[in-house]
Amino acid sequence: MSPVVKLLAQRIALGLLLLFLVSILIFVGTIILPGDVAQSILGQSATPEALANLRRDLGLNDPPVTRYFNWLFGVLQGDLGTALTSGQDIATQIGARLGNTLFLAFWAAVISVPLAIFLGLLAVRYRDRWPDKLISGVTLASISVPEFVIAYVLIFFVAVKLRWGVSVATINDSMSLGDKLYAIALPVAVLTLVVLAHMMRMTRAAILNVMQSAYIETAELKGLTMFTIIRRHAFPNSIAPIVNVVMLNLAYLVVGVVVIEVVFVYPGMGQYLVDHVSKRDVPVVQACGLIFAAVYIGLNLVADVVSILTNPRLRHPK
Amino acid sequence: MADTLLEIRDLKIEATVYPPGEKPQDIVIVDGVSLALEKGKVLGLIGESGAGKSTIGLSAMSYGRGGVRLTGGDILLNGREIRRARGSALRALRGHEVTYVAQSAAAAFNPAKRLMEQVIETSLWHGVASRAEAEARAVALFAKLGLPDPETFGQRYPHQVSGGQLQRAMTAMALCPEPDLVIFDEPTTALDVTTQIDVLAAIKEAIRDTGVAALYITHDLAVVAQVSDDIMVLRNGKTVEYGPVDQIINHPQEDYTRALVSVRSMEHPEKTDEAESVLTVDHVTARYRGTHFDVLKDVTVSLQPGHTLAVVGESGSGKSTLARAITGLLPPTKGAIHFAGRTLSPALAQRTKDDLRELQMIYQMADVAMNPRQTVGTIIGRPLEFYFGLRGEAKRKRVQELLDQIEMGEGYIDRYPAELSGGQKQRVCIARALAAKPKLIICDEVTSALDPLVADGILKLLLNLQEQQNVAYLFITHDLATVRAIADSIAVMYQGEVVRYGPKASVLSPPFDDYTDLLLSSVPEMRIGWLEEVIAHRKMESAGH
Amino acid sequence: MRIPLAALIGLFFTALFFLTAIFAPWIAPYGMAEVVSRDIWAPSSAEFLLGTDNLGRDLLSRMIYGGRTTIFIATAATILSFTTGSVLGFLAAVVGGWVDQVLSRFVDLLMSIPSLIFALVVLSVMPVTVPVLIVVMGLLDSTRVYRLARAVAVDINVMDYVEAAKLRGEGRGWIIFREILPNALSPLVAEMGLRFIFMVLFVSTLSFLGLGVQPPMADWGGLVKENADGIVYGIGAALYPAIAIATLAISVNLVADWVLNRTTSLKGGRGG
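Residue numbers (the working numbering), protein chains in the order written: chain A, 15 to 332; chain B, 33 to 577; chain C, 166 to 437.
Everything labelled a hint here was simulated from the structure, so no lab data went into it. Remember, it's a predicted structure, so these values are computed and weren't measured experimentally. Each residue gets a CB set at the ideal place from its N, CA and C atoms; glycine is no exception. It is possible that part of the hints are untrue.
[Stated by the list, open to error] Cross-link-like lysine-lysine pairs, in silico, BS3-like; alpha carbons within 30 Å at most:
hint, chain 1, residue 1, chain 2, residue 2
1, B, Lys176, A, Lys332
2, B, Lys329, B, Lys270
3, A, Lys332, B, Lys329
4, B, Lys145, A, Lys332
5, A, Lys20, B, Lys571
6, B, Lys55, B, Lys270
7, B, Lys71, B, Lys270
8, B, Lys73, B, Lys427
9, B, Lys236, B, Lys73
10, B, Lys176, B, Lys145
11, B, Lys55, B, Lys73
12, B, Lys471, B, Lys385
13, B, Lys427, B, Lys366
14, B, Lys303, B, Lys145
15, B, Lys55, A, Lys147
[To be verified] Some residues of chain A that are not near chain B, with every Cβ distance over 10 Å (derived):
hint, residue
16, Leu207
17, Ala228
18, Thr324
All chains should be built: construct the whole structure from the sequences, respecting the hints.
Right under this line is the structure:
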């Protein structure tokens with residue numbers, strides 16, 4: 015087996031193992047801690063009998079290991095259980111919402127990724143001059159401001175004062191794509207702003223790192239033009255670090271989505287998760303947590319796979 | 033002077049430095065340097081670190097590395113002024129009229145592209161040749177430079193070939209577009225000595241056969257004497273002496289040049305007195321945890337009090353591993369180490385305080401051998417406190433005595449390592465070792481990171497201290513000139529084994545085993561024509577076999 | 166010594182916020198939860214400098230008390246995160262072996278879940294109180310400090326001067342406290358500023374989501390949430406706490422930047 019295939023297999027196996035361990039962690043996190051699900055559902059005034067009945071119905075009297083594996087096998091078959099508060103099937107509810115969340119994240123990514131790479135290149139091209147300084151200033155501000163602050167500032171000035179865009183992003187299946195895009199314009203703008211600065215700065219660092227390599231000097235001393243140097247020598251070595259940056263920031267986007275959905279009352283996974291945390295609806299929280307973690311682990315996995323595939327040392331072993 | 037290829041007049045080069053916490057300053061790194069190079073000739077630029085030799089070399093391509101600016105004087109290439117050239121005029125000369133061979137070819141090749149692509153890139157870019165012509169020329173150069181399988185060599189990626197091969201491939205890359213001038217920037221410095229001679233010979237032959245002119249930059253006068261027609265000696269950005277190679281090597285005019293020429297000529301008569309040995313390494317075999325081959329194989333050597341045993345070998349020979357085995361950092365799997373009449377525990381943790389005290393170590397990189405947050409007083413004082421319980425004024429007095437012994441005197445005790453020069457740092461490390469009153473000091477390449485004159489000073493100091501205190505040295509080095517200067521006995525190591533061992537005189541006289549012969553004959557000597565002699569001799573020998 | 170303007174501005178605001186937090190009861194014109202007006206979201210006036218909030222409380226007073234809560238929680242969580250993370254990180258680096266393996270793999274696992282998500286999972290079963298918030302945030306964040314401390318210590322641990330100390334026979338205490346710690350301090354101190362900012366953002370986000378500090382107690386994230394409904398009517402009350410969060414975070418960042426540059430350029434420092 016070639017080392018690349020072996021390494022890829024190892025990396026993917028590791029990702030799956032990580033996911034398995036994360037599922038244990040999430041499960042354990044919700045049962046070992048001192049809260050009691052039955053108590054939280056029924057409230058402090060519940061009678062002992064009612065509590066006992068509910069515990070039995072929920073299977074809370076089974077040993078934790080049994081409950082974990084029951085839950086895990088359910089998850090593996092697409093059965094995420096039923097919500098305690100509404101009695102509805104979690105998988106069905108998440109299905110539609112996951113689509114909405116991905117729709118939002120997709121458009122944010124479509125705008126922010128090319129823009130960030132372009133601006134990162136610009137910062138490298140004008141290194142230590144004003145475009146670069148502007149970018150580092152904006153980055154400083156942006157890592158210091160929570161998502162919801164950017165969101166409200168934008169709502170206040172754009173949606174309310176300028177009357178452009180809507181501050182409540184309601185979408186449903188009957189809307190046309192154009193209507194949907196109009197509805198999510200502001201949340202997408204906020205998400206873009208949130209990840210853009212990070213991605214720009216990290217892209218800048220990644221490209222600078224490549225541009226400071228000795229082989230770039232070699233290319234310069236060959237008399238090549240800057241454009242050719244970047245195309246032939248910098249680009250092939252920058253793919254892996256840039257993909258890494260992009261994946262890291264998309265993972266970051268996933269978290270940003272949670273808050274943004276709450277601000278814009280957007281019917282997605284994040285809103286769903288936050289609602290059910292306040293309602294202490296543990297099965298929903300477990301399911302959502304697992305899905306968010308899976309996306310996060312998956313993105314990191316993609317970054318690793320790309321860097322393995324683009325590494326000449328692995329592709330062409332001695 | 034119709035034949036003049038490159039003429040530099042009154043060159044001034046400046047750079048901006050950013051001392052932390054202070055305002056940026058402009059400093060002059062090259063000042064008033066003038067030189068002329070005819071077609072087909074080789075000029076050697078020599079100097080210590082900071083002499084400005086690489087900077088001058090790159091100025092022939094009108095290139096300043098990392099914020100370095102060519103601020104004054106004229107640089108004429110083929111009669112054109114190029115210092116003020118910009119844009120396409122610059123690109124037309126780089127890689128076409130002038131090409132460059134870097135010290136570290138491993139970093140200078142793009143890891144993502146095949147060697148052939150990179151070697152012929154300039155020829156295609158500047159329209160010097162068609163792809164087929166350029167490839168044919170590259171293959172011919174590969175063959176001339178002695179690379180294996182010249183036909184298919186170019187299909188490999190940089191990481192798939194060795195360091196010496198990469199250095200030759202870079203020479204091929206520089207020669208492929210048939211330039212007028214090649215700048216060789218320390219092309220053999222990173223190589224082992226037995227590899228260096230082959231690369232050196234290949235470069236010399238390629239220069240001769242193609243008729244290209246060259247600037248050859250190095251810190252090693254013996255190397256530059258082999259390839260140059262003229263030599264310029266530089267110090268702190270200024271010319272010290274400039275003239276034909278014969279004048280510089282055989283009749284130097286300046287004191288500094290004389291010092292450089294005589295730098296490797298220190299001789300040390302070996303001691304022959306017999307005494308009970310202080311260290312005996314007895315059939316020691318060792319391997320790193322988790323690996324499956326022995327890095328030391330059945331090594332046996334011994335050392336008498338007040339004597340120096342030089343352990344010589346190239347990278348990967350196991351010489352530093354031997355030090356780790358003796359100090360207990362790598363417990364041997366077989367064999368024993370006897371020290372000062374007792375047998376040492378294999379592992380560091382089980383050794384007594386006296387074992388540790390009497391066996392001290394000095395490292396190659398003095399920079400990282402001292403805690404940057406401790407003063408010289410703390411660094412030298414700690415062993416006094418730790419082993420002898422000295423405190424306060426008594427400790428300070430003893431530290432000052434030690435500083436006097438290493439010829440540093442007053443005013444250093446409260447300084448930090450960052451405020452010392454390279455040589456001073458190494459002296460402080462010596463004082464720290466002496467503070468423990470050791471019977472044996474292991475010196476691991478202690479002079480190889482230093483400039484030659486500074487290194488000589490350190491060697492003399494070590495010899496004086498040995499005289500006064502009867503301390504034994506186990507001296508690990510790859511440099512045979514150093515060995516001649518300091519050793520009483522020698523162990524030559526190759527691939528984890530001691531291949532030759534005995535008193536200095538007998539180890540260095542024939543008959544030799546094959547490896548020692550190769551090693552000894554590969555060390556550049558400070559005389560013109562040495563390289564030709566060795567190559568001719570080797571050709572004769574291989575023809576005779 | 167010359168302090169750059171940016172750092173001076175940062176220092177000024179950081180000091181201002183901390184002093185206001187400490188002396189909140191003496192500075193605030195009204196009580197934290199005191200309803201002082203029938204008008205909700207009244208505009209700013211001489212009586213109520215920043216106007217009133219969604220229940221007719223003085224917004225300035227709530228901002229001052231809110232800052233106290235936010236800064237207190239963030240400081241406490243940072244201290245917890247730092248002590249846990251750096252002690253374990255140094256230990257892993259110096260002891261190595263299985264201790265290092267177990268700790269590092271567990272940290273890898275924790276960091277494979279976004280900390281906000283994991284905090285939400287935990288808070289779904291825990292009572293949401295200030296101590297719980299501090300512990301959850303501090304422990305989740307200590308993973309980052311652990312990684313940094315371990316990496317720095319591992320780098321230093323392979324230096325020849327540490328080997329020299331080991332060969333001299335020094336004990337673990339001398340090696341950690343005299344050889345490694347002085348050299349690890351400046352990257353850790355700079356990181357402390359960043360961790361504090363992260364904590365401010367973290368607790369504000371949790372409160373904004375309704376899962377952090379619970380009303381009527383005030384904190385900046387909660388204040389944004391309480392007054393957010395006013396935004397669509399063009400009432401900017403929610404923007405004041407929002408801007409306060411941003412100002413504090415940027416100020417601390419400016420100070421941390423300066424500290425990092427200064428400590429590395431000290432006599433005997435790495436850059437020296």
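Here is how each hint holds up against the structure:
Distance check on the hinted pair: B/Lys176 and A/Lys332 sit about 24 Å apart at the alpha-carbon level, within 30 Å; holds. Among the hinted pairs, B/Lys329 with B/Lys270 is inconsistent with the structure: their alpha-carbon atoms are about 50 Å apart, more than 30 Å. Under the criterion of a C-alpha separation no larger than 30 Å, the hint pairing A/Lys332 with B/Lys329 is consistent with the structure, at around 27 Å. With a C-alpha separation of about 15 Å, the suggested pair B/Lys145 and A/Lys332 falls inside the 30 Å cut-off, and the hint holds.
Distance hint between A/Lys20 and B/Lys571 is unfulfilled; the C-alpha atoms sit about 47 Å from each other, more than 30 Å. Distance restraint check for B/Lys55 and B/Lys270: the Cα-Cα separation of roughly 26 Å lies within the 30 Å cut-off, and the hinted pair is therefore satisfied. Restraint check for B/Lys71 and B/Lys270: the C-alpha separation of about 24 Å stays at or below 30 Å, so the hint holds. Distance restraint check for B/Lys73 and B/Lys427: the Cα-Cα separation of roughly 60 Å exceeds the 30 Å cut-off, and the hinted pair is therefore not satisfied.
Between B/Lys236 and B/Lys73, the direct Cα distance comes to roughly 11 Å. Compliance with the 30 Å bound is thereby established for this hinted pair. In summary, the hint linking B/Lys176 to B/Lys145 is supported, as the alpha carbons are separated by about 23 Å, within the 30 Å threshold. The straight-line distance between the Cα atoms of B/Lys55 and B/Lys73 is roughly 44 Å, outside the 30 Å bound, and the hint therefore fails. For the proposed pair B/Lys471 and B/Lys385, the alpha carbon gap of about 14 Å is at most 30 Å, so the pair holds.
Using a Cα cut-off of 30 Å, the hinted pair B/Lys427 and B/Lys366 is violated, with the two alpha carbons roughly 41 Å apart. Proximity of B/Lys303 to B/Lys145 is assessed by CA-CA distance (about 55 Å); at most 30 Å being required, the pair is judged violated. For the hint pairing B/Lys55 with A/Lys147, the CA-to-CA distance comes to about 19 Å; that is within 30 Å, so the pair holds. At roughly 33 Å, the least C-beta separation between A/Leu207 and chain B is larger than 10 Å, which holds for a residue marked as non-interface.
Distance to chain B contradicts A/Ala228 as a non-interface residue, since its nearest Cβ pair spans about 4 Å, not more than 10 Å. For A/Thr324, the requirement that its beta carbon stay farther than 10 Å from each beta carbon of chain B is not met, with the minimum near 8 Å.
Checked against the numbered hints given earlier, the structure breaks hints 2, 5, 8, 11, 13, 14, 17, 18 and satisfies all the rest.
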